[in-house]
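S.K.: With chain A held as given, fit chains B and C onto it using these hints.
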Amino acid sequence: MQVTARRRGPAARISAVFHQHPWSKLTLLLLPGLLWLGVIYLGSLVSMLVYGFWSLEEFTGLIARDFTLGTYGKLLEPAHRDIIIRTFVMAAAVSAACAVLAFPLAYYMARYATSRMKTVLYLVVIMPLWSSYLVRALAWRQILTNEGIMNWGLERLGLEGVVRAILQTPIIGGPSVIQSYLALFIAFVYLWLPFMILPVEAALERVPRSYLEASSDLGARPWLTFRRIVLPLAKPGLIAGSIFTFSLTLGDFILPSIFGQSQLFLGQEVFLQVGVIGNTPLAAAFTFVAMIIMVGYLLVSRRTGAFETL
Amino acid sequence: MRKLSRWLVAFSTLALIAAGCGGDESGDGDGTAVPTDPDEPRVTEVGDGEGEVSIISWAGYIERGDTDPAYDWVTQFEEDTGCAVTNKTANTSDEMVALMQEGGGQYDLVTASGDASLRLVESGSVQPVNLDLIESYDTVDPNLADAPWHTVDTDGDGTAEHYGVPYQWGYNVLMYNDAVFKGEAPTSWDVVFEEMTLPDGKSNKGRIQAYDGAIYIADAAVYLRAHNPELGITDPYALNRDQFDAALNLLRQQRELVGRYWHDAFVQIDDFGNGEAVASSSWPFQRNVLAAENPDFKSSTPEEGVTGWADTTMMHTDAPHPNCAYMWMEWSLNEKLQGDLAAWFGTVPANLAACEGNELLTDEGCETNGLGDFDQIEFWRTPQADCFDDDEATECVPYLEWVTQYVAVIGGR
Amino acid sequence: MARRTGDRAGVGLRLAAFGVVAFLYVPLAIIILYAFNTQSALFTFPPPGLTTRWFEVALSDRTLWAALRLSVTVAAIATLIALVIGSLLAAAVYRTRFFGREAISFLVLLPIALPGIVTGIALRSSFAIAGVPFSTWTLAVAHATFCIVIVYNNVVARFRRMSPNLTEASADLGATGWQTFRHVVLPNLATALLAGGILAFALSFDEIVVTTFTAGNQRTLPIWIFERLFRPRQRPVTNVAAILVIVMTFVPVLIAQLLTREERQAGP
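First to last, the protein sequences are chains A, B and C. Residue numbers for the first sequence, in this note's numbering: 6 to 315. Residue numbers for the second sequence, in this note's numbering: 96 to 508. Residue numbers for the third sequence, in this note's numbering: 1115 to 1382.
One chain only, chain A, in its complex shape (with noise of 0.2 angstroms):
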């Protein structure tokens, strides 16, 4: 065999380096998503926390870069306590709704769809998250209004006094559907759903069919190789899909706004205090909660696995 030695270019030195010490190369890969996530992200994560510690004043409305403590310690007010437990009681419900709505679809895609039907159920999942938000969220005003299409067809079926008496029940009804917490529920729930489809799916998809073949050898039925095989292994899934849904309702404000009673979610106070009220401090106190809410949540899922259906 013929070994011939070629002319090294300076390319070729580099790399050599590279290869000779893998740490230079790693450095160098890393640096600059270090950088961006580490200064720009994280660094405005501290700036945001930082003015937490600042107050606003009073008649002109400009901020006192003194430290203070008084700005997080307005979080315990009752008002505000109100607001932090509403979304968060919200959010756990959007989760929990749309994890039991995912499971159907997700597992059909997973167990039972060709690999052409599963392509164009993936579209069909996916499709909805890249038309507007905004106007999806409308397109349900305009289905709940009074005069929209949910009433109309309950009008047909004769089940308008259903709908009566659902807006009677405390918490959740309303003097019209669409100024009731139902109505914003609805709404999350189907804004979200894809985020936990999606997930769930891969989690599922996952479960090797002979686990399944084997439980029913061994006799158990159909519900019960579900309760014990595939809802335990979908569980990552299902807790990587929680994560979104949870985040997202947690710091929504748009929605809120359209539907309901007024009453104040998280991310509306974030925004009234920011953008009405010039109370960039407060605002950052309560984005300061949602924060650790979520990162709290985070750290918990990561012992679960659920990072690698994400």
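Warning: the hint list may mix true and false statements.
[Said to hold, decoys possible] Once the Cα atoms are required to be at most 20 angstroms apart in a straight line, the calculated SDA-like pairs of lysine to any residue come out as:
no., chain 1, residue 1, chain 2, residue 2
1, B, Lys393, B, Glu459
2, B, Lys297, B, Asn369
3, B, Lys297, A, Leu128
4, A, Lys79, B, Gln500
5, B, Lys183, C, Leu1127
6, B, Lys183, C, Gly1291
[Said to hold, decoys possible] Covered by chain A, per the in silico footprint, the following chain B stretches (three or more residues, Cβ under 8 angstroms):
no., stretch
7, 290 to 298
8, 343 to 357
[To be verified] Pulled from the structure, derived: some chain B residues nowhere near chain A, Cβ distances all over 10 angstroms:
no., residue
9, Glu230
10, Gly253
11, Gly301
12, Asp307
13, His322
14, Glu325
15, Asn335
16, Asp391
17, Glu398
18, Asp413
19, Leu447
20, Gly506
Everything labelled a hint here was simulated from the structure, so no lab data went into it. Ideal Cβ positions, reconstructed from N, Cα and C, are used throughout, including at glycine.
M.R.: Relative to the frame of chain A, chains B and C by itself:
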């Protein structure tokens, strides 16, 4: 996990240090400016247009025929001056103040109401207007020309400087759906403050709305002034602690009746059109738009009195397009514009010559919109701790507390 | 869990699955229907008449085109940044074990897992503190931050599928690191990069929350739609804008899905 907690500790320490050091910085991101020097008018002559002018305004103030082709006072201006108009609508005075204080030269002009204008002057967000450059200024209604909400003596030399050009004024009406009231026009604000059965047989609970700006507390005060004279309210914007608490209690009572607090004029139009709401304090603008489609939508001026707003076009201290801005301010006093605007919004123009000979406004328009009632209207102004007087003994609740308390009331507390 | 021939889902499951699909699409159908509505303000069902004039109104609206241009510009810049940074990070992480490797994966995920207002307010605060005025660039920076993870995930998945033997074989044959990269690694990554880029673009295009906080006077398409959402007499125009967005993103998203099909079918 230990690694992560080390990161978190480092993080928070950094943040605390940064917060402590924060006082040394003076970024221009949040408007840490001082009132501008009024001795030197910023602009001494109007040069060539810069090609653009950006205006923050209330919805419906800057129309280019989008909503109704008959109402367009922008296209002509753009053709004449070459300044393209971009309009950012804000729904409350607080929003306008926040936008103007953002700094960084984003906006040129703002149509500020009396409860925003002085805040803008105090914070140095707006600059004095050189009246020599506004030829039409002498057409401005004398009631408005030197009004206290836009003329301030900032340099203490005895003469007040003008900080804007009056645009128009109007008041908050009680808008209602006559299909529900069946010809019995409501003559009192109690329709939105007390629970009652409306002429259509159903309760008003859940079917009324209220403005979600904190200045609405003054409307509650106006109501209490008539119904609870023992509270001794005279100026609804100068409320002492007891009067303020009474107003809040009234608003908490109202909270139970409100279906939704309205923030955006167009959303309210939607709610009324859908039948979700049947009565609310509102601007004549919404009434006009709704009535054009359906004459059942009417408004009345309740006997307890009304609050109102007189708007002034003000110019940002760092306006990026000063020439176009001055051109617009001059244009804003144009007779046809003033008449069309008043007709569209249901208000009274700053240039009273517009009251005659305007097709859209008609010769009775100014009267109908309240021309004769100027003195009875409680115009929006920013509540201050000193109650607007020099009496040391009187202490009033300042605006920031109005805001935080009202947000709490809306939130249900 | 691939399907074997003869394996059919029960009727109940099929009904439920397609019920969910219907749930997802009825509102979209309503949007499209009302774009043709003759009513300009309040929408009733069924609509009294159909017309195409709103398309004319929308397409001749100068502000709509300006907003569209801005959205495309911001999305393009953000995608480019995300492509570069995302792939660099993916390359660093996928095979080498080093201190903080898991932390990087976590960090990359944060901008998209945390609520949009967190990213929005955080960036807004730092722009204010640094004295940077809002502009197209601040928007692009904000969008790039949450787009990175999309590219990162796609590229990592592709790297995992790529056999390490390829790069070794290339080195054995005498190629330098750079040549290996250009002729072996890059072609393999190409479709993953394309797919990631397309998804990142689409994500940035429709984003509203972070945009609201980091745009000054800039109007992207979602902000444009937001401002006109309730305008009376112009309501169907927002529906037309939505259809425009659907059409513009449909083909790229379809392509992205086809390109990444193999990753998803790889399974455990």
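S.K.: Just pull the numbers of the violated hints for me, sorted ascending.
M.R.: When the structure is compared with the hints, numbers 3, 5, 6, 7, 11, 12, 20 turn out to be violated.
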